[in-house]
Every structure is written in C-alpha cells, then in structure tokens.
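Protein chains: 2
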Amino acid sequence: MTATTRTRLSPQERRSQLLDLGVRLLATRSLDELSIDVLAEEAGISRGLLYHYFGNKHAFHEAVVRRAADDLIAQTAPPVDGDPIERLLISVTAYVDYVVANYEGYLSLVKGAAGGNDTLREIYDEARSALTDRVFREDAQAGSGLGTIITDTPTNRLLVRGWSAMSEELVLTWHAHPTGVSRDELIAIMATSLPALVAAQPDA
Amino acid sequence: MTATTRTRLSPQERRSQLLDLGVRLLATRSLDELSIDVLAEEAGISRGLLYHYFGNKHAFHEAVVRRAADDLIAQTAPPVDGDPIERLLISVTAYVDYVVANYEGYLSLVKGAAGGNDTLREIYDEARSALTDRVFREDAQAGSGLGTIITDTPTNRLLVRGWSAMSEELVLTWHAHPTGVSRDELIAIMATSLPALVAAQPDA
Chain A
1 MTATTRTRLS PQERRSQLLD LGVRLLATRS LDELSIDVLA EEAGISRGLL
51 YHYFGNKHAF HEAVVRRAAD DLIAQTAPPV DGDPIERLLI SVTAYVDYVV
101 ANYEGYLSLV KGAAGGNDTL REIYDEARSA LTDRVFREDA QAGSGLGTII
151 TDTPTNRLLV RGWSAMSEEL VLTWHAHPTG VSRDELIAIM ATSLPALVAA
201 QPDA
Chain B
1 MTATTRTRLS PQERRSQLLD LGVRLLATRS LDELSIDVLA EEAGISRGLL
51 YHYFGNKHAF HEAVVRRAAD DLIAQTAPPV DGDPIERLLI SVTAYVDYVV
101 ANYEGYLSLV KGAAGGNDTL REIYDEARSA LTDRVFREDA QAGSGLGTII
151 TDTPTNRLLV RGWSAMSEEL VLTWHAHPTG VSRDELIAIM ATSLPALVAA
201 QPDA
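These protein sequences, in sequence, are chains A and B. Here the first sequence stands for residues 1 to 204, numbered as in full-length UniProt numbering. Here the second sequence stands for residues 1 to 204, numbered as in full-length UniProt numbering.
Everything labelled a hint here was simulated from the structure, so no lab data went into it. Hints are supplied without guarantee of correctness; some may be wrong.
Copies of the same chain are indistinguishable here, so a pair counts whether it falls within one copy or spans any two.
As the list claims (entries may be wrong) - Derived lysine to any residue pairs resembling SDA-like cross-links, with alpha carbons at most 25 Å apart:
#1 K57 <-> S10
#2 K111 <-> D20
#3 K57 <-> T192
#4 K57 <-> E185
#5 K111 <-> T132
#6 K111 <-> D152
#7 K111 <-> A196
#8 K111 <-> Y95
#9 K111 <-> T28
#10 K111 <-> P11
#11 K111 <-> T151
#12 K57 <-> V38
#13 K57 <-> P11
#14 K57 <-> Q201
#15 K111 <-> A59
Okay, chain A solo, but in the shape it has when bound:
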C-alpha cells in the first residue's frame, strides 16, 4: 500500500519456502523423522517462528504432505497435446522419477495413509483421485487424452484405480529390490499395462 519496495519475503512466500524445504527434507527421511527442530535447524530460524507459521507439529506435517502431494500431481501431469500412449509414458516416467527422488517421504505418506492417519489418508486419496480422474477428465478438455481410448465406465474407473495401486507397488518394490529390471523396463511395464488392462475387459 506504500511506495516502499521491500526485498524481504512476504509471510506467505516465507511459509511457502519453508514448505519446499520440508518437502526436500522428506526425500531422505520419514515424516516421523521430520520435526520442527529439524526444519528450524535446516532453515536457520527459530522454532518459535516455525510455530508461528504452522501452529503445531500436526499442522506442519499436514502442510508439508499437502505440498508434496501437490508437487507429485503437478510433476506427473501429462503434456496437453500428443498421442495418448506417448502422454501416458511421459506421465509414468515422471511418477517413477518422483518416487525414486522422494522415496522416504513418499513411503511414509503411503504408510501413514494406510495406517489410519485420517489427514494423511485424505491427502493421499485426493492425490490418487487427481492422478486417476485425470485419465478421464483430460479427454474432455483436450480431445486427445487417454479418454479417447479409455471410456468413462464403472469398470474402467475401477481398473484405472487398480492400475494406480499396481504402479505404486511396482515402483516401491522395484526401488527396494531392483534385481533384473531396469528403470526403462519398469516404465515400459507400467505404461503398457493400463491400455492392456482396459483392452482385456469383456466389454472393451
């Protein structure tokens, strides 16, 4: 509202920066290991200031996980144009690379969501719905999405959800025990699976 231009960050920008740092820290540690203390030390600011930004540990974890889920959704967005199978391949590649780069944090989100933490469950479900609903929604927008080969039926919605769970299992298992399968092979397995599953159904 004044003519003064400040170079310091707004509280909103500062909070956002701290969330990014939290997500980065989550790449190599679980959510349980990501405390306000750890973030304060890495950010070089006081614990008190962090509590000012995030309220409490629970809210801090929720905000970091929500940011991580948003990152995942953004990074795995397929390109707007192009061949549906090619776009699926690009999205799957981004997903594999995201999970590998953020393994510990991703694993703790999966565990926390499955283990009964309601907030984590909600964020996880939102992320998964965003990833799977996208298959159908983008068709309407682009006219060249996967929806052109995967029609929106109850069976296909279930299949896409199942494929999503399969993909998660594949990348987590592969990262833990990579024996005999390369990254490119893994990506090919995942990308070829979805159209194959859809085509195999009796009503396809």
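Dock chain B against chain A, hints included.
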C-alpha cells in the same frame, strides 16, 4: 501314555479352537477392537486362561492374524488340475469371497502392515509372497499351472506382485463403493487382468 481316553480337547486343540474364534470375530471388527476381553466373553472362559494360552495381547493378535493369513492362503489355493485360466478364476473367486466375508479384519491387516507394525507387515508379506510365488511354484509341481503361460522372469515376478496389489485395491474399493460393477464382473476383471498384463509386455 496311559490307556485313558479323554474326550476333552488337548491344550493345542483348545488354542487352535480359540484362534478360529478370534478369526471369526475379526470378520466384523478391526484388530484394535479384538481384545482379550472380547475373546474371553465370546469363548466363555476367563481372561486368565487366555493369557495362559497366548501370553499377552500382542502375541494373541499375532497368532490370530497368522491364522487368518493361513486361512486366506488355504482358501485361495487353486485346484491342482485343470486349465490354468480356469484355475486362476477359481482362486480369484475365493479371494474376493474371503475378503468380503472377512472385510474388517482384512482391512485392519492391510492397514497394520502398511502402517509400520513389523509383525503384521511380516505376516502380510508372507501371505502375499505365498499367493504370488504360487503362480510360479505350482507349475513345477503340476505341469499345468499358470507357469505354463507365465514364465518365471524378473519382469513377470514384478507383474504378478503388481497384479496382487491391484487385486487388493480392486476388491477393497469395490466393497466400499460397489456402484455399477457386479461381483461376477469384478472377478472377471481380476482374472482376465493377469494374463493380459503378462501378454502385453514387450518380451512376452
């Protein structure tokens, strides 16, 4: 060692009977809701006797879940002979019916295993390995198993594991939100998916 024949159960048989009761109770409640008190009341015996059989609550839960996993493995065993696809269909049907009949307990096993309980994780992994390794192992025995259409390669081991995760997601999602897909359709989706996934791979 004596000539006396007693009709009362041996401690081993009594313990086994109590485990069966525990598994039945788990059909409609989570593991957290299955206490020594609940079992004692249902079995009509004292808490003290139950502690005698199982030691503590943790060991009791472990024993019940192990029994439930053994039941699942036994009930979903495909018949020894017959067409591989037909045998897969029978196994998948048994799996769907098992999960539906034991929904709460099954869900709490999945949650507990994913949520970081090491004992549950171990039992869950054993059960899943038994279910997936079976696809390959039975071929060697019967000469007519799925192994005749699914060769034992790193890619196929990964695929079968992924299919197993997908199947779990499908039946749990379907049971929670059955909209538009019948039990028979669900079973057909799961049974057709595995051969389709394998056939779709570049090296198939």
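A quick look at each hint next to the structure:
1. With identical chains, the CA atoms of K57 and S10 are at most 25 Å apart within one copy only, with a shortest distance of 22 Å there and 53 Å across copies.
2. Taking the shortest alpha-carbon separations for K111 and D20, only the intra-copy value of 21 Å comes in at or below 25 Å, while the best inter-copy value is 29 Å.
3. For a Cα distance limit of 25 Å, the shortest separation of K57 from T192 qualifies neither inside one copy, at 41 Å, nor across copies, at 46 Å.
4. Taking CA atoms no more than 25 Å apart as the test, K57 paired with E185 passes in neither setting, with 40 Å inside one copy and 45 Å between copies.
5. Taking the shortest alpha-carbon separations for K111 and T132, both the intra-copy value of 20 Å and the inter-copy value of 22 Å come in at or below 25 Å.
6. Within a single copy, K111 and D152 get their C-alpha atoms no closer than 30 Å, and across copies no closer than 30 Å, so neither meets the 25 Å cut-off.
7. Proximity of K111 and A196 under a CA criterion of 25 Å is satisfied in neither setting, with 29 Å inside one chain copy and 29 Å between copies.
8. In this assembly of identical chains, K111 and Y95 lie within 25 Å of each other by CA distance both inside one copy and across copies; the values are 18 Å within and 24 Å between.
9. With identical chains, the CA atoms of K111 and T28 are at most 25 Å apart both within one copy (15 Å) and between copies (23 Å).
10. With identical chains, the CA atoms of K111 and P11 are never at most 25 Å apart, being 32 Å at best within one copy and 38 Å at best between copies.
11. In this assembly of identical chains, the alpha carbons of K111 and T151 never lie at most 25 Å apart, being 32 Å within a copy and 32 Å across copies at closest.
12. Taking the shortest Cα distances, K57 and V38 sit within 25 Å of each other inside one copy (12 Å), while across copies they are farther apart (35 Å).
13. Taking the shortest Cα distances, K57 and P11 sit within 25 Å of each other inside one copy (19 Å), while across copies they are farther apart (49 Å).
14. Taking the shortest Cα distances, K57 and Q201 never come within 25 Å of each other, neither inside one copy (47 Å) nor across copies (45 Å).
15. For the identical chains of this complex, K111 and A59 are neighbours both inside a copy (18 Å) and across copies (23 Å), given an alpha-carbon limit of 25 Å.
Violated hints, in rising order: 3, 4, 6, 7, 10, 11, 14; the structure is consistent with all others.
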